[in-house]
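Colleague: Make one complex out of these two single chains by using the hints.
Now for the letters of each chain:
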Amino acid sequence: MRHTISVLVENQFGVLARISGLFSGRGYNIDSLTVAETLDPTTSRMTIVTRGEDPVIEQIIKQLNRLIDVIKVVDLTGVDHVEREIVLVKVVAQGEKREEVLRIVDIFRGKIIDVSPEGFVIELTGDEDKINAFVNLLKPLGVKEVARAGKVAMPRGLGKLGSVAKSVEKERKEGPELAGSSKGEGSGALPA
Amino acid sequence: MAEMTGAQIFIETLRREGVDTIFGYPGGAVLYIYDELLNSDIRHILVRHEQGAVHMAEGYAKASGKVGVALVTSGPGATNTVTGIADAYMDSVPIVVFTGQVPLPLIGNDAFQEADIVGITRPCTKHNYLVKDINDLARIIRQAFFIAKTGRPGPVLVDIPKDITIQKTEYTYPEEVRLRSYNPTVEGHMGQIKRGLRAILQSRRPIFYVGGGTVYSSAEEEVRALAEKLKVPVALTLMGLGSFPAHHPQFLGMLGMHGTYTANTTMQNADLIFAIGSRFDDRVTGRLKDFAPHASFVHVDIDPSSIGKNVITDVPIVGDIRSVLRSLWRLVEEMPKSEVAAFHKQIQPWWDQIHTWNQQHPLKYEDSEEGIKAQYVVERIYDVADENLLVTTDVGQHQMWAAQYFRSKQKKSFITSGGLGTMGFGFPAAIGAKVARPDVPVFCISGDGSFLMNMQEIGTAVQYNVPVKVAILNNFYLGMVRQWQELFYQRRYSEVVMKAMPDFSKLAEAFGAKGFTIKKKKDVVPVLKEAMKIDGPVIMDFHVLREENVYPMIPAGASLSEIVVGPPEK
Ligand SMILES: Cc1ncc(C[n+]2csc(CCOP(=O)(O)OP(=O)(O)O)c2C)c(N)n1
Ligand SMILES: [Mg+2]
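One line per chain: the protein sequences are A and B, in this order. Counting with our numbering, you get residues 1 to 192 for the letters of the first sequence. Counting with our numbering, you get residues 1 to 570 for the letters of the second sequence.
Source of the hints: derived by calculation from the structure; they are not laboratory data. Ideal Cβ placement from N, Cα and C applies to all residues, glycine included. Heads up, some of the hints might be wrong.
[Claimed, not checked] Derived DSSO-like pairs (lysine-lysine); straight-line CA-CA distance at most 27 Å:
#, chain 1, residue 1, chain 2, residue 2
1, B, K519, B, K499
2, B, K194, B, K229
3, A, K62, B, K194
4, B, K289, A, K62
5, B, K66, B, K231
6, B, K411, B, K66
7, B, K364, B, K519
8, B, K309, A, K62
9, A, K139, A, K97
10, A, K139, A, K111
11, B, K231, B, K364
12, B, K149, A, K62
[Said to hold, decoys possible] If you only want the chain B side, here are some residues facing chain A, beta carbon under 10 Å, derived:
#, residue
13, P123
14, H127
15, S306
[Claimed, not checked] Pair ranges (Cβ atoms, derived):
#, chain 1, residue 1, chain 2, residue 2, range
16, A, I86, B, L31, 37 to 45 Å
17, A, D54, B, V497, 47 to 55 Å
18, B, K506, A, G52, 51 to 59 Å
19, A, R2, B, N39, 13 to 21 Å
20, B, D386, A, G27, 42 to 50 Å
21, A, R103, B, D116, 49 to 57 Å
22, A, D54, B, Q346, 32 to 40 Å
Same shape as in the complex, but just chain B (with noise of 0.2 Å):
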């Protein structure tokens, strides 16, 4: 057999494994790396900032389903990914993240460019690696990989000393994963399913509360036949969001903070919550103590930490939300017709009950002719582009937006920053995800703070003709922590102005990106049919009312039942 060097055995390791695309930036401890990947047909996008490496990776990883991988040195390229390994650690991204690192003999001496990004990254990670001896790096980057997308998914780091790229070794491709301690349980138990399937039965006010997980186990379609057959209210959260269709009769829309009053309604009255893939975050359930009193929980997730962490979980149900609902749509197969119209029958006043909670209060803004609304901008993406796109987000009111108007018929079609909330997050993202789904349109709604974070980026959109659409709300405000100050600090602005903003469009042409400035409402529909015509990056700087509130809101520390629908009456 022959003999490889570290470099060469961490590219035909990675070949194998299927990347076809890597996201990074050179530094001197991946040097060796950098001149084996000219051998190579792996293709690699240089980024212009490591942080927009990681979020691409993020994106593609969310796009495409499958692991998203970044390179980058050590030292500062290491320390420059932990926002977006923390990013990913937090919404259960499976990428993976090398790390160049001084030789092995150097590390602990405080040698140049040196920083442990193993200790630094161990909250953030999954799991994470130091190879310490070049007969293990083949190993361990296949347990990377495997370790990142299965069971629960999450950022693996793999942090390579220098001096191992240049070793030799027989190189021996790892056929099998075997971890003795790493076992995700897929299959959920079958008596635990019947269990679950009774308690819905047995409700009559029942809810599917569906989150992100749905959309890691590709598991729309099964949602979707479950909810039909058994005629259940569906409401999703925020990563949840393309999981099941927007146009569904019935689909209440998105849970939470800024969810409708519909979704937050139901669930919160509810006398059965069946969550799936969702976790019950603080931004979903409002004051914990006053959540759903009267509702009992089964919990379907793959990560058993999850279940039982924040509510009190009447039939978990750990395993594979594909596999779990697939086994409770047969036992629902199974049962006699008359059962399942009899159970149909035994919730329809809750769907009256519903539908007047959706008379009284559907989501909606009240458009303005005067300027332009971001929500308008929002909803015009949507029909522009025919319900037929990717949509990513950085964070902010314009994520709320983007996600209360959300439609598309496209699956993992919504990718934002939910757990961390990264401003910053969208335009990289977007990026990673053009570059996994390159025939499918992609639109970053960002904002002007959020976008200013991360920039930089449009250089790599424009070097390898990345043809993403950029429509950036621009309210002249870092408008969420604005509307906080207006409605929670008696309107004391602090620092939420930002006085030197760039002319977003000028900028877009500096990197040889298309600008446009859009100041009138007539002109947003023509410039984004227009924007979806250009084969390349496009900045759309969308001039917005700049004081629009987000709504429905409910504050923080509040209960779902304290929701606030809209702006207090002039």
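So that you can see chain A by itself, here it is in the shape it has in the complex (with noise of 0.2 Å):
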């Protein structure tokens, strides 16, 4: 099963190659991965798609946790959330391709970013179907270059990802003591 996976990390050079280098190194599948600075500057947010059984889901939320640089990793699967993905898609189009091409741009409310004589270059955000969709209508038309960004995902309402993180925890199967798992502040020292 695809998962949505938010992770809070240290703004740190090597950050996204840790990331990276823990998913490679384990096996485990990246099917699309953003990084951006938050509005902290100190943090950036990761949005990482990726998919496997929930043994293996959860072994890559309990690995990401393991890295020192990672702030909070929530699982968005399962939490209500919006996501986002944004295309780029470059058309040759000409005579009543045009027309044909505009009409599909304005049902899809994309935008017009760039026009040429020999075509467009059409900017659409929405969920992942909707883009889906929208490249396949475009595709007999004469579709030459697409570039799409992984996605960007926030859960719904106005909880920020630490409280949501909270409350997909304690649902999660291992009971509240996973709770522990989750990274505060601290001086985590050992006892005497």
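Modeller: Rendered as structure tokens:
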């Protein structure tokens, strides 16, 4: 099953390499990965789309948590959330095909961001299904190039990732104990 | 406040961290640090190869429970540490490795002796750092030590560009270490602990499956106290050896591929496996899908990712072993005596069964009068040292014999390379262990192949007069490989003989150490006794019977129930 995992990390060099290395080294899939700074410039958010059976996803989350630079990991799958992707499509279209392209763009509420006598560059955001449908409709009309970014995602409502994380962890089958694996501030010293 | 150079900050921060010994090897990128070392009272041990430095740091850490430290130069110095770092990562050994790096402006230019050691070691360190600003140096060093020794311990690497070691800044020692993204759970969740205890009390066929986490948590007493209170059988993993008394009536022996029949069979037939600081490694579980089919699992570990990785855990308890076991002990202590007695009674049939298994197939070998059996030497080492010793091993048959017959009363006394299985580990690790605990005899049980991999460290042992005793169980074979070729490749021996073996005793003498060659059984004990008396490194070359095999054995990929207890009847 596909999972969208949101990872809050220290905004430091090498973090992306640590995360992608974790996935490749342990043989986990990455369908897509996006990363950018958050409101707080010392942190970045990564949105990773991956797939695997439940135990694998559980390991992925635990292994991510093990990385020192990872502040918070939330599996958004199963949480009420919104997801968006963006795509740029270059279509070569002349004559009446231009009309057809414009109609489709209109229906999907896409945007023409570049026009030339030979064709268009179109921008569209939406969930994965919408984007797939859009690209498939345009294909017979002459799609030359597609640039698609990974998914970004966020829980619905006013809760931030942190509070969602708590409720998600409570639901996990290992019960309340796993709250211990969440990362908070503290000295972490071993007892004497 | 006084300005200090990066090199001075380095030394001062190490000193405040309580570092008394560094294992290292100099070079261009660390010249300022080595220069500053002359002004400090930190002891530097000059090794003969950087891999040796890291294994020594590991041996030091494993024997003392403190963080081991290695210091090397950039490029080849750094890449030579990789095997040791990977070893420490697999076995969760707390070490910090400092590597020199080319000056910041040259990084990325393929400069002389540049290697991207942070990139190379990313997958085999708990964490690593490249210092890019002298003002971060002290904080990074503090964090490195903190990360190495807390939670599930592990190696941390700090890469320091040369220019940073000569720049100057005002030094403030960061008293507090704060990492918002790192806060290992120490105390187990009380609800889970109670559930865990309930699961044990409901079981009829329980076993304690105790691993290396117990040693790192210094929870030996806690394991014993709880096991004794509940009268539950205890089996140890290779890494857990030393955390439960070898002569204890509740001790079943070692688990795993070459573990005892009793330990493996008890595990396989248990209805409750209480895993303590162990990780269900494939060498222990055998074929996973047939592993302990009737068991439920309670698992205590400080690393959540170890739990539920290979088996579905019924009661996970994340926390420091010592703390969790103490809570469990208190809960049992508060129980009515009659309830505890009822539990003892409930598992009595299980004990009867276990005793039968043990009588059927005790751990044994057939001794020989013709030649020297490796197992015989191992047993005599434990005798001669009066079970008061630290043992390090290399990797191969000798390692398994050292483990099977292990008995030492010392804590943290079995030091071996379990996860990575690194030949060449044992001898430098012994030097590190002896430096950490000079008052306890340290034996390295090695093989002819393994010893050759880091024998250059004889020089180090001689220079610093580190009186480690090396017992090479010399079968003139890469014995473990030969055993597999004998059993699974129709005796087609491929590249398991080194036709140019050195005379190890002469080799020792060439370095200025004491060497012995032992070819007769009657000489084994006298030589061991003699070696104990010598105040300096001793290399003993025991010529053992060549084609002895390690039994019991669970063939790779087989289930624990397919254990082979001994050689086929002739
Ligand atoms: C660095 C390294 N290379 C190769 C191996 C594979 N290997 C495992 S045991 C072994 C043979 C070890 O021979 P020796 O040290 O003589 O020990 P013996 O088995 O004969 O007791 C080999 C080659 C290894 N574990 N480590
Ligand atoms: Mg050998």
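Colleague: Honestly, do B/D386 and A/G27 meet the 42 to 50 Å range at C-beta?
Modeller: Given a distance of about 49 Å, which is inside 42 to 50 Å, the answer is holds.
Colleague: How does the Cβ-Cβ distance of A/R2 and B/N39 compare with 13 to 21 Å: does it lie in that range?
Modeller: For A/R2 and B/N39 the Cβ distance comes to about 59 Å; the hint is violated.
Colleague: Checking one constraint from the list: CA of A/K139 to CA of A/K111, max 27 Å. Satisfied?
Modeller: Roughly 17 Å separates the two Cα atoms, so the pair holds.
Colleague: Against the 27 Å threshold, does the CA-CA distance of B/K411 and B/K66 hold or violate the hint?
Modeller: Status holds; Cα separation ~14 Å.
Colleague: So does A/I86 sit 37 to 45 Å from B/L31, Cβ to Cβ?
Modeller: 52 Å, violated
Colleague: With chain A as the partner, please determine if B/H127 meets the hint condition of a C-beta pair closer than 10 Å.
Modeller: 4 Å, holds
Colleague: Can you confirm whether the C-alpha distance between B/K519 and B/K499 stays at or below 27 Å?
Modeller: 19 Å, holds
Colleague: Are the Cα positions of B/K194 and B/K229 separated by 27 Å at most?
Modeller: 16 Å, holds
Colleague: Would you check the hint for B/K289 and A/K62, treating anything up to 27 Å between C-alpha atoms as holding?
Modeller: Given that 27 Å is the threshold and the Cα spacing comes to 23 Å, the pair holds.
Colleague: Does the closest beta carbon of chain A sit nearer than 10 Å to the beta carbon of B/P123?
Modeller: At about 5 Å, which falls below the 10 Å cut-off, the nearest Cβ of chain A leaves the hint on B/P123 intact, so it holds.
Colleague: With a cut-off of 27 Å on the C-alpha distance, tell me whether B/K364 and B/K519 pass.
Modeller: 23 Å, holds
Colleague: For the pair supplied as a hint, B/K149 and A/K62, confirm whether the alpha-carbon distance does not exceed 27 Å.
Modeller: 20 Å, holds
The structure fails hints 5, 16 and 19 (numbered hints given earlier, in ascending order).
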